[in-house]
Structures are given as C-alpha cells and as structure tokens.
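Let the sequences and hints guide you as you build the complete structure.
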Amino acid sequence: MKTFKLHHHFFTLLFFLLLPFLKSQTERQENNTGYTCNNNNKNQTNIYPCQSYAYYRATPPNYLDLATISDLFSLSRLMISKPSNISSPSSPLVPNQPLLIPLTCSCNFINTTFGSISYSNITYTIKPNDTFFLVSTINFQNLTTYPSVEVVNPNLVATNLSIGDNAVFPIFCKCPDKTKTNSSFMISYVVQPFDNVSSIASMFGTTEKSIIDVNGEILYDYDTIFVPVNKLPVLKQPSTLVPSPPPSGNFDDGDDDDDKSGTVRGLAIGLGILGFLLILVLGIWFYREVLVKKEKKGRDLYFGDKGYNGNNNDNKKKKQMDVNFMANVSDCLDKYRVFGFDELVDATNGFDESYLIQGSVYKGEIDGQVYAIKKMKWNAYEELKILQKVNHGNLVKLEGFCIEQEESNCYLVYEYVENGSLYSWLHEEKNQKLNWITRLRIAIDIANGLLYIHEHTRPKVVHKDIKSSNILLDSNKRAKIANFGLAKSGINAITMHIVGTQGYISPEYLADGIVSTKMDVFSFGVVLLELISGKEVIDDEGNVLWANAIKTFEVKNEQEKARRLKEWLDNAILRETCSMESLMGVLNVAIACLNRDPSKRPSIIDIVYSLSKCEDTGFEVSDDGFSSQNLVAR
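For what it's worth, the working numbering labels the leading residue of the sequence shown as -14, then goes sequentially.
Note that these hints are calculated values from the structure, not bench results.
Any given hint might turn out to be false.
[What the hints assert, rightly or not] Ranges between beta-carbon positions, derived for each pair:
no. : residue 1 : residue 2 : range
1   : Val142    : Glu391    : 43 to 53 Å
2   : Arg322    : Ser76     : 36 to 46 Å
3   : Asp352    : Phe94     : 40 to 50 Å
The beta-carbon is built from N, C-alpha and C at its ideal position, and this holds for glycine as well.
Right, dumping it as structure tokens:
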C-alpha cells in the first residue's frame, strides 16, 4: 500500500509539472493530421514513392538496442546501422544516440475530406496501456501525431483499443520537390526546444535557406520538419553520448534578454529531465506490472505453486528453460488456448503411430473438436512468434499450444484440415482427381495467402518452404498454407544455413543464402507446374521439374507452345474441356515466377491479378455446353 501511495504521489507530481508541456504539444498535434501530397497530377514536382529517412534517438528503457528499434520500424538492424554509421549492429546503444531510419515515403489517399497524406506506413501492434497519443509521442518520438493515426485507422476507436490490434502509424515524410530543392533525400526531423534553423542546418550539413524553402521560417517545438540533403550526414557515434548544450542563438546583449534566455533554457532542461524520468518510471512500471505478471501466469500454468518433484538441479534447469520460453511467448497467453499435456496424450492415444498424419503431426480430438497436433522441440518460439501475427483464411490457423517439461517438447495445436495435402491429391493414388477449375482456385488461394504474409504483415514474413506437401485442402478443397517452421520475419537477409526442399529452392537462396519474398514466388511457380502437369518436382532420374519446364517452353511461337503444353498436361486435365487461354495464362505465370533473376519475377499482387483473370476464362459456357475454344473436347 505504501508503494502504491508513493507511485501515486510521484506520478501526480510529474503530471502537474509536465502539464504545460503536454498541453502545448497536444494543441499542436490537434492541428496536424499530416502533410498533404498529390500523386495524380501529371505536372507534379514531388515523385512518389521515394527513399527518405527519419532522425531517431535511442531512448531508455525500451529503445536502447537496434533489435527493438528495427522491430518498431519493421526493418533489419543492418538497414539502420549502415546509414547511422554504426559498425556493429548488435552493440547496445546509449541514451540519446542518433540514428537514421530508412523509410519508403508514399503519397496515400485517405478520403475525400483529407485527400492524400505523405507518410511511411508502419504497422504497430497495440500493447497493454497503449494509446495513439503515447505511442506517437514516446515510441515514435513525435514523428507522427495521434490525429493522423486516427485518420488513417478509421476502423479503430482511439478510446477502445484492444491488445493485439494492428494500427498503422503514419511516419511523416516527404519526397523532394524539384522546383524548391536539388536534394536527393528528405530527412524527417522533430524540432527540439534548443533547436533553431541554423543549428539544424549545421547538424545535417545543409543550408538554412533549403530548410526554410521546404518548411517555412517558423519552427514549432516537437513538430516534424523535412531537411533536404544531397547526401546522408555522417552521424557521430561516440561510445558515450551526453546531451549537447543548447546552440548559441541570435540574442541581444541586454541583461533582460540574457535573463529571459537563461530562464527558457533552465525551464527546457528541467522539462527534458522530467520527461526522461517519466519515460523511465513508466518503463519500470510497465515491466513490473505487466511483463512480470505474464511470466507468473505462464509459470503457474505449467508448474503450479509447488514446482517440480525430483532432482533439485535438474528441476532448476528445466524450470529455467520453461521460464525463459514462457517469457518469450507471454504475449500469446491471452490469444491462444493453452492445452494440457494430458489432453494431447488422450487425444492421440499416447501419440500412437495410427494417429500420425505426416512427419511429426498427429490427428487428435479434444472436447469433440478435431485438431492437428505438431510435436516440436524448444525452437518452437520463432514459429509461434510469426503465427501470432497472422490471421487469414488461406493460412492454417493456430488454435493453441502446450509445453511438456519432462522431455522438453512443445506442441503446436492447429485447426484440422480435412482433405490433407495437395501433394497427396497430385501424386498419390486417389479415386478422385482434381479438375482444372479446382486446381486454379487452389493456386489463387495459395497466392492470396502469400499476398497476406508478404504485403500485410509487419515485418513481412517469408515462408521459405512453399511446396505441395505444405498446402492443405479443406472440405471444399480450398487451400491453406501450413508449416511455418522455417519462416522468417523480415526480408532481404542473408543466411549461411540453407534449409528447404530440393526442387523448390530458388537459385539465389541456394547459391548465396538470400532470403526475400521472391524466393516464395519461385517456389510457388514450381507448385503451379505441379498443378498443370501432375509431375513430381524431381523425377526418378534426378531431373528438376522447373528446369525442364523452362527448357520445354522456351519458344516464341504460341502454337508450338500450346502443342507442347498439351503433351505436358496432367492426364486428368486432358479428360476435361478447358479453355486454352486459361491454361496458357497459368503456365505463363509459372514461367515468370521461375526467372533466375529475382528482380524480374512478378510481385505477388500481379500474380493474384493474373490468376484471377485466368479463372475468368477457365470455362466459357454456351448453350451447347462449354465453349469451342478448347484444348481438347471429349
């Protein structure tokens, strides 16, 4: 009780001391919903999208390492360390250490009231005690404003946010205006109390005039301005950074002015210190009140109040492993069901082989509901971390998880998908074969699933193991992407540890370890070939399907290509009446996906569009049945 009263009085004191600062900042924010742009004018002078940067400061307690800051902005650590002149991305940062955050600046249409706003789209997952105002001012350091966040998130109610909601935080940016500046980049910079135009120009190695031309002569504290530069400034990165003294301004020599200037400086320094203390105390409170409670909740779920029985040393080691794992997945506890190990044992008859679906995945029934239960070791955290970010009809849904401490196993419990894998339908003996329209819809389903993880998750997710055995079909034979065990959150990385399935691995990943969304596009192209041909990705002689396809269809004559396609088709499709336009369209998409140069492969958005057009021409019905525009009629 005493601790609570102390915290209460401390926060009350801080609130009243900071009230003038917060009030003035709120008034400025209420009048700033963003910076307008026009990307539809043929005579436009700003070319969108463009590369831009944001000036960001490392701040305690949560943003003192590149890993956390890169997650906040959905980037890799290397993408921040390189422009920020930091030699070691893994090194800890010190308070106030300057960083340059690369942004892709776009002109985004909001609605007819606000028109278009220039910003970089950053997706942020709402956490306990978050508000649009606090995240904008503390996490993103006023690089956006809460009114702008409200404008770009019309489906979210600012006063009724739920933990786990994804909100777009529009980081203000601007592309260079060729009529006002010859600069190559614009750097988004939040004006500080000690700043003036001269000090900002000196900091970034540009001219006062160029800053005034873009932003005007009057600068307001904590507003975002745009600093035009021809090249990025080389940031000084000392081992210990201390707050720099206020720059000398253009003051008169009078005593009254000196006194006023000193008062303003003293007030600004005091407010800055109080602001830092407020952030520090909030961080400590958040850790103690939220994260520690979640850790305790996780421990209680698995250990109970009495802990383990048996050897004390082994028990301590296992308990520490479980605590570490539960600390990592604590954010998932409220989102997923936590199954008991006894439930899984009963559901699978002790993980009997007769319940095995494939690999280490078992079928089990719990409370009348059928699940797919995946047995894993302790490296399940990465998969669980990715799965909690995604929710789409074309991705297999994670229902819950379980930890079994005795054998150090983790179990992920998924929805059960009735019709098994696409591989079994294409390559194993079945009484029924998939017709062409079903195969085409499966292809579109897979593409939509990839579109979601590539374009609508932040950071983007690369599956890394797209193949027909990882595509599951539900009762209506609609496709769901499964098995995110190799998936990676974030793109444009390089790894020396090559994983995946032969026949589906893209050339650049196999040769250089380059991880990008285009490697999923390549693998998807191979799956399209399987759907068209019914062939295995590697035949009995070791020939790779995609290489054979490229060689076969390297002809410019469309009639010859159609003839070869007829010879190449799965016999099950040959029994149908299909549109040649549809078949050729899907083949062309597949060949484009298999380009050895990843930059020349189509985007997943273009793939979805092209396959949807193929579906429209898949079957053309007339009074006499299907159209005469057929590949074969029987």
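Outcome of the hint check:
1. Val142 / Glu391: 43 to 53 Å: holds, 46 Å
2. Arg322 / Ser76: 36 to 46 Å: Holds: the Cβ-Cβ distance is about 40 Å, inside 36 to 46 Å.
3. Asp352 / Phe94: 40 to 50 Å: holds, 47 Å
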